[in-house]
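Chemist: Protein sequence lines, in the order shown, are assigned to chains F and E.
Mapping the first sequence onto numbering that gives the first Met the number 0, position 134 (from 1) lands on 133, and the numbers just tick up by one.
Mapping the second sequence onto numbering that gives the first Met the number 0, position 66 (from 1) lands on 65, and the numbers just tick up by one.
It does not matter which identical chain is meant; a pair holds if it fits inside one copy or across any two.
Straight-line alpha carbon distances no greater than 35 Å define the calculated DSBU-like cross-link-like pairs of lysine-lysine that follow:
#1 83 x 54
#2 54 x 44
#3 134 x 83
Hint data in this document are derived by calculation from the structure and do not stem from the laboratory.
Below, each chain spelled out in residue letters.
2 protein chains.
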Amino acid sequence: MAGRGRPRDTGVEGRVLAAAAAEIRQGGYDALSIDRVAERAGVAKTTLYRRWASKAELVVALITNLREEVPFEPTDDPRGDLTKLVATITANLAATPATLIADLAAAAAREPRVGESVRALWAERHRAVTAVVAKAQEAGLVLDHVSPAVLVDQLVGPLYYRLLVTGEPLTPDYARTLIRSVLGPEEPR
Amino acid sequence: MAGRGRPRDTGVEGRVLAAAAAEIRQGGYDALSIDRVAERAGVAKTTLYRRWASKAELVVALITNLREEVPFEPTDDPRGDLTKLVATITANLAATPATLIADLAAAAAREPRVGESVRALWAERHRAVTAVVAKAQEAGLVLDHVSPAVLVDQLVGPLYYRLLVTGEPLTPDYARTLIRSVLGPEEPR
DNA sequence: TCAATTACGCTACTGCAGTATCGTAAAAGG
DNA sequence: CCTTTTACGATACTGCAGTAGCGTAATTGA
Numbered sequence: 000m001a002g003r004g005r006p007r008d009t010g011v012e013g014r015v016l017a018a019a020a021a022e023i024r025q026g027g028y029d030a031l032s033i034d035r036v037a038e039r040a041g042v043a044k045t046t047l048y049r050r051w052a053s054k055a056e057l058v059v060a061l062i063t064n065l066r067e068e069v070p071f072e073p074t075d076d077p078r079g080d081l082t083k084l085v086a087t088i089t090a091n092l093a094a095t096p097a098t099l100i101a102d103l104a105a106a107a108a109r110e111p112r113v114g115e116s117v118r119a120l121w122a123e124r125h126r127a128v129t130a131v132v133a134k135a136q137e138a139g140l141v142l143d144h145v146s147p148a149v150l151v152d153q154l155v156g157p158l159y160y161r162l163l164v165t166g167e168p169l170t171p172d173y174a175r176t177l178i179r180s181v182l183g184p185e186e187p188r
Numbered sequence: 000m001a002g003r004g005r006p007r008d009t010g011v012e013g014r015v016l017a018a019a020a021a022e023i024r025q026g027g028y029d030a031l032s033i034d035r036v037a038e039r040a041g042v043a044k045t046t047l048y049r050r051w052a053s054k055a056e057l058v059v060a061l062i063t064n065l066r067e068e069v070p071f072e073p074t075d076d077p078r079g080d081l082t083k084l085v086a087t088i089t090a091n092l093a094a095t096p097a098t099l100i101a102d103l104a105a106a107a108a109r110e111p112r113v114g115e116s117v118r119a120l121w122a123e124r125h126r127a128v129t130a131v132v133a134k135a136q137e138a139g140l141v142l143d144h145v146s147p148a149v150l151v152d153q154l155v156g157p158l159y160y161r162l163l164v165t166g167e168p169l170t171p172d173y174a175r176t177l178i179r180s181v182l183g184p185e186e187p188r
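Using the sequences and the hints given, assemble the complete structure.
Modeler: Here it is in C-alpha cells:
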C-alpha cells in the first residue's frame, strides 16, 4: 500500500486544519489567508496545495471535519420531528456567518468539485428532512398532491433565501411559521 | 449645482459600463477584471474607483443598467398571474450564470452597501409577487392562516436554493410544481 | 490674471490565490 | 551502496482587487 518514495507527513493535515479553524473563527472566509494558515501550521504553501486544490476545498474539508453529525431519531410524531429538524437547521444557519455560506456557494458554482463536496455536506440532512416529510404525508398532515422533495425545498429554501438574498433574520419564530404555513395551524389534540 | 473644480467627464460612466458589460458577458463575474475594464474603457483605474467603490458595486450598477423593467399588469386571475410571475422569475434566474448570483450574494453579505443595492434590485419583483399572493388569498386560493410574505419566500426561496445549494436545474416544470404545491392542483372550471 | 478646487491619468504599492521551478529529504528496491 | 521515487520547503512569479501619492488638466471665483 505504501508507495515507493518519501511518505507523506501525516501531521500536516491536522496542523493545517487546526490553523485554518483558528483563522476562520475570527473573520470568516475572507480572513482566512492561505499564506497565514501555511505559516501558522509550519507548512509550506506548496505542500498545502498538494492536499487541497483551492482555498474553497480547504474550507469545505474544514467544515466537514468540524461538523459533528447529530443523528436524528424520528419519533411517531411527524409534526414534532419536522419542527425540530427545521428549527435545528435554522439555528445552524443563523449561527454561521452569511459570508461563509455565500462564499462557499460561489465557490461551488465555480468549481464542480467544491459543488459536490458542499452537496455531500447537506445530503444527509436533506435526506432526513425528506424522510420526515414523507412520513408526515403518510400521516395525512400533508395533502397528497404535494411532492415531498418540493416541500423540502419550500421549507429549507426560504432559509437560504433570507440569509443570502433578502438579508432578513433567521429566527426560531420564522422556522415555526414555515412549518405552520405548510402543515396548517397546530390542532389541539 | 455644478461644483467649483474640474467637472466630471460625463462619458466615463457609459464607457466603463459598456466595457464591463462586454467583459462579463463572456466569462461571468470572475472574468471581469477591473484593470481590463479600465483599459478597454480608456479610463484610469483610479477614476473607475472614484465612481464605484468596489467591483461588486460596479457589477450591481451594470445589472441595474441592463435590466429593463417589465412592468407586471395583474389580471383578475390570481392563479394565472402567480404562475406567470414565478415562471418569469425562474426563467430569468435560469438564464443567469449561477456564479454571478452567488458572487453577488457573497459581496452583498460582505459589503452592506452592495446588500442594499441588490435588495433594491429585487424589491420591485418581490412586491409584485406579494401583491398577487395577497390577491390569491382574498380569492380563497390560499388558506387564511398563511402569511403572504412567507408564501412568497416559499415560492422564490426554492429557486435560489436550487440554484445556489443543490445545483438542481430550474425548469419551467419546477416552477409549475411550486405553484401546484402551494395552491393545490388546478381545478377545471 | 491668478489662486483655489476638483477630476483625471499615471505609477507604484500591498495583500491575496494560485502556479512553476528547483534543491533536498526520506523512503523502497536493486 | 546507489538509483529511483515521492514529498517537502523555499523562492519567485502572475494576475487580481484595492489604495496612496503625485503631477496635471479643467473649471470657478476673486
